[in-house]
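Peer 1: Between the sequences and the hints, there should be enough to build the whole structure, so can you do that?
Okay, here's what each chain looks like letter by letter:
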Amino acid sequence: MDEINSLMHGFSVALTLPNVGFMLVGLLLGVLIGVLPGLGGANGVAILLPLTFSMNPTSAIIMLSCIYWGALFGGAITSILFNIPGEPWSVATTFDGFPLAQQGRAAEALTAAFTSSFVGALFAVLAITFLAPLLAKFALEFGPPEFFAVQMLTFCSFIGMSKEPPMKTLAAMMFGFALAAVGMDTVTGQLRMTFGFTEMLKGFDFLIAVIGLFGIGEILTTMEEGLAFKGKSAKINFRVVLNTWKELLQYWRTFIRSVLIGCWMGITPGGATPASFMSYGMARRAAKDKESFGRGNIEGVVAPETAAHAAGTSALLPMLTLGIPGSPTAAVLLGGLLIWGLQPGPLLFVEQKDFVWGLIASMYLGNIVGLIVVLTTVPWWAAILRIPFPVIAPVIIFICAIGAYTVHSSIFDVVMMLVFGVFGYLFKKLRYPLAPLVLALVLGDMAESSFRQSMLLSQGGLGIFVSNWLVGSLMALSIFLLLLPMWGALKAMFRRREARAYLS
Amino acid sequence: MSTESEAPGPGAALRRRGPEAGVALLLLVIGLIVIIDSLRVGIEWADDGPRAGYFPFFIGCLLSLSSGWTLLRALLSWREETAIFSEYSQLRDVAAMAIPLTIFVAAVPWLGLYVPGALLIGYFMRRHGTGGWLATLAVAICTPIVFFLIFERWFLVPLAKGPLEAWLGF
Chain W
60 MDEINSLMHG
70 FSVALTLPNV
80 GFMLVGLLLG
90 VLIGVLPGLG
100 GANGVAILLP
110 LTFSMNPTSA
120 IIMLSCIYWG
130 ALFGGAITSI
140 LFNIPGEPWS
150 VATTFDGFPL
160 AQQGRAAEAL
170 TAAFTSSFVG
180 ALFAVLAITF
190 LAPLLAKFAL
200 EFGPPEFFAV
210 QMLTFCSFIG
220 MSKEPPMKTL
230 AAMMFGFALA
240 AVGMDTVTGQ
250 LRMTFGFTEM
260 LKGFDFLIAV
270 IGLFGIGEIL
280 TTMEEGLAFK
290 GKSAKINFRV
300 VLNTWKELLQ
310 YWRTFIRSVL
320 IGCWMGITPG
330 GATPASFMSY
340 GMARRAAKDK
350 ESFGRGNIEG
360 VVAPETAAHA
370 AGTSALLPML
380 TLGIPGSPTA
390 AVLLGGLLIW
400 GLQPGPLLFV
410 EQKDFVWGLI
420 ASMYLGNIVG
430 LIVVLTTVPW
440 WAAILRIPFP
450 VIAPVIIFIC
460 AIGAYTVHSS
470 IFDVVMMLVF
480 GVFGYLFKKL
490 RYPLAPLVLA
500 LVLGDMAESS
510 FRQSMLLSQG
520 GLGIFVSNWL
530 VGSLMALSIF
540 LLLLPMWGAL
550 KAMFRRREAR
560 AYLS
Chain A
74 MSTESEAPGP
84 GAALRRRGPE
94 AGVALLLLVI
104 GLIVIIDSLR
114 VGIEWADDGP
124 RAGYFPFFIG
134 CLLSLSSGWT
144 LLRALLSWRE
154 ETAIFSEYSQ
164 LRDVAAMAIP
174 LTIFVAAVPW
184 LGLYVPGALL
194 IGYFMRRHGT
204 GGWLATLAVA
214 ICTPIVFFLI
224 FERWFLVPLA
234 KGPLEAWLGF
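Protein chains in written order, with our numbering: chain W, 60 to 563; chain A, 74 to 243.
Since the hints were derived computationally from the structure, they do not count as laboratory data.
Note that the structure is predicted; figures quoted are calculated from it, not measured.
Some clues are possibly wrong.
As the list claims (entries may be wrong) - Here's a subset of chain W near chain A, in silico, CB distances under 10 angstroms, partners left out:
| hint | residue |
| --- | --- |
| 1 | F112 |
| 2 | M220 |
| 3 | P224 |
| 4 | K227 |
| 5 | L229 |
| 6 | A231 |
| 7 | A239 |
| 8 | V246 |
| 9 | T247 |
| 10 | P449 |
| 11 | I456 |
| 12 | L489 |
| 13 | Q518 |
| 14 | G519 |
Claimed, not checked - Chain W residues, not near chain A, derived (Cβ > 12 angstroms throughout):
| hint | residue |
| --- | --- |
| 15 | F70 |
| 16 | K349 |
| 17 | L401 |
| 18 | Q402 |
| 19 | L406 |
| 20 | L424 |
| 21 | P438 |
| 22 | L444 |
| 23 | L543 |
| 24 | F553 |
Here a beta-carbon is modelled for each residue, glycine too, at the ideal position from N, C-alpha and C.
Peer 2: Put into structure tokens, the structure is as follows:
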């Protein structure tokens with residue numbers, strides 16, 4: 060068992076004293092970020108990324124990925140106690156979590172949420188442990204056309220699986236690609252779309268975009284929704300935890316189903332948010348007492364939390380093996396890898412064994428420690444939310460501005476953060492999805508260079524994308540996903556016509 | 074989250090069609106700029122392979138097409154579209170944040186990050202909060218100092234500074 064040996068080696072890397080310290084710091088910061096409005100996994104990691112430039116990459120990724128786990132845990136606290144989803148993926152948790160809290164069963168709901176998150180993450184890490192090396196070995200054979208096909212699949216699956224209107228998904232994605240193209244062309248050295256401004260030479264940094272779109276945009280939307288933090292308080296004691304665990308055992312079917320949905324949605328870049336909704340919907344459809352959903356059913360907490368964590372964690376699988384992130388936060392971590400001088404992709408498993416396996420081992424540890432941390436510290440986090448919003452909001456803006464500034468020590472970036480913030484607000488209100496925009500901005504250069512290299516190989520013929528079974532089937536799947544929304548639209552049109560015929 | 078809701082009483086809310094068309098138009102213009110600039114740097118092949126505009130040209134086309142579609146739909150359904158973007162009272166709340174935020178960002182190039190940060194926090198707590206002067210001053214002054222210590226002292230990352238910091242000798 061090669062994987063087990065590597066994993067054990069990984070544990071020896073992750074379990075050193077400084078790394079355990081970074082893990083704890085990351086988890087606590089992560090829960091804080093998850094609890095506060097306007098700070099989430101993606102922009103929280105983006106803000107802290109510049110602080111890790113000088114750190115050892117392994118310690119840095121352990122800390123940043125633990126922020127991600129912490130944020131995933133933290134989102135559940137606000138949804139259950141305050142009915143405010145701290146993160147988009149915990150919206151589905153509010154459906155049953157908050158009614159439970161209103162009935163005075165907040166401790167149970169929180170225990171169920173944390174435990175489900177843990178289970179979801181654990182299975183996703185197991186999947187990473189055993190699938191990632193295989194996928195990486197397989198991907199070592201990939202050439203530019205294969206990489207472009209995988210990237211194509213990533214972007215097409217956004218259009219096919221997104222809840223948002225497909226044309227807006229496409230527009231958001233292409234906007235991201237367009238922003239990525241600004242600046243110097245890496246192949247020919249020509250300047251593109253800079254229009255003589257020196258600030259534009261470097262192009263748009265996706266970290267600034269993430270901080271603006273998710274941070275400032277979120278603050279503006281939160282202002283609009285009005286803030287009345289009327290929360291329930293909760294204290295978790297050991298007996299409640301044990302009783303809830305006993306009760307959770309009967310939901311093993313829900314767990315399995317949600318883990319599968321989550322892992323699938325995480326690896327294909329559906330992301331944690333749709334995974335949690337899908338899993339919630341499936342659980343309700345499969346349940347005998349459908350009416351109890353939405354009124355405080357523990358299963359309605361278990362399903363979305365398990366799936367969100369499974370998706371959030373497994374989003375790192377394609378990031379590590381193919382260099383294609385499955386979620387915006389994974390995209391930011393990928394950007395971090397590039398900044399630390401590591402080339403994401405299959406070679407990572409050959410050349411950077413310490414890094415990869417240290418990270419995977421830290422995922423196991425981080426989730427176990429995270430579970431214990433959140434179970435014991437819930438009342439404190441709930442207390443943070445009682446700080447009035449007029450104090451929290453400007454402090455968060457200040458933090459976002461600092462984060463934007465530290466990326467390149469550039470004041471222009473602070474201005475860009477504001478511009479992206481306005482875009483984030485408008486896009487959110489008009490239902491343009493932000494995730495494909497960020498992913499396109501991160502992957503833009505990579506996708507462009509693999510496309511151009513493929514074109515060079517084939518001397519301009521698109522036939523190279525069907526030249527072998529692997530590329531061909533990836534491309535076919537992409538086109539299928541791309542056309543999926545059209546199929547839905549056609550069906551709706553026929554139904555309308557039928558209804559009209561029936562009426563007349 | 075509730076943007077999809079049906080229109081309430083007229084006059085109290087900004088309809089969705091205006092911002093919808095505006096954003097689509099903006100994206101369409103950006104798409105066209107991308108196309109024009111790609112044509113400038115060349116979209117065809119040179120001796121050593123595709124030129125710099127080769128890939129962005131496709132991007133610009135897709136961006137223009139998709140946002141043009143959204144714009145067209147918004148314009149075609151202009152009369153019957155009743156969905157709302159936001160109520161005016163909500164927009165006022167957004168403006169209450171957006172305006173000081175813009176002033177804050179505009180002040181950063183002259184005053185650095187710390188002083189505008191303190192002013193922003195102070196303004197917000199006085200204007201929208203319920204705390205007294207003492208609490209406001211304490212939070213507004215302590216927050217930047219804490220960040221100063223974390224960034225400049227602990228992580229050795231210098232942040233933008235203005236005349237006040239220069240006067241203090243940093």
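Peer 1: Hint W:Q518 vs chain A: min CB-CB distance below 10 angstroms?
Peer 2: holds (9 angstroms)
Peer 1: With 10 angstroms as the cut and Cβ atoms as the points, is W:V246 at the interface with chain A?
Peer 2: Result: holds, 7 angstroms to nearest chain A Cβ.
Peer 1: Does the nearest C-beta of chain A fall within a distance shorter than 10 angstroms of the C-beta of W:P449?
Peer 2: Check passed: Cβ of W:P449 comes within 4 angstroms of chain A, closer than 10 angstroms.
Peer 1: Let me know if the C-beta of W:A231 comes in closer than 10 angstroms to any C-beta of chain A, holds or violated.
Peer 2: Holds, because the Cβ-Cβ distance from W:A231 to chain A comes to roughly 9 angstroms (cut-off 10 angstroms).
Peer 1: Beyond 12 angstroms from every Cβ of chain A: is that where the Cβ of W:L444 lies?
Peer 2: holds (16 angstroms)
Peer 1: Does the claim that W:L406 lies outside the interface with chain A hold up, using a Cβ gap greater than 12 angstroms?
Peer 2: The claim holds: W:L406 sits with its nearest Cβ about 24 angstroms from chain A, beyond 12 angstroms.
Peer 1: Next item in the hint list is W:L229. Is there a CB on chain A closer than 10 angstroms to its CB?
Peer 2: holds (4 angstroms)
Peer 1: According to the definition I'm using, a residue is off the interface if its beta carbon is farther than 12 angstroms from all beta carbons of the partner; does W:L401 meet that for chain A?
Peer 2: holds (21 angstroms)
Peer 1: A cut-off of 12 angstroms on Cβ-Cβ distance, and W:F553 was said to be off the interface with chain A. Does that hold?
Peer 2: Correct as stated: the minimum Cβ-Cβ distance to chain A is 20 angstroms, above 12 angstroms.
Peer 1: May I ask you to test the interface hint for W:F112 with respect to chain A, counting a Cβ-Cβ separation under 10 angstroms as satisfied?
Peer 2: holds (9 angstroms)
Peer 1: Is W:Q402 truly not at the interface, in the sense that its beta carbon sits beyond 12 angstroms from all beta carbons of chain A?
Peer 2: holds (21 angstroms)
Peer 1: Would you assess whether W:K349, listed as outside the interface, keeps its beta-carbon beyond 12 angstroms of every beta-carbon in chain A?
Peer 2: holds (23 angstroms)
Checked against the numbered hints given earlier, the structure breaks only hint 2 and satisfies all the rest.
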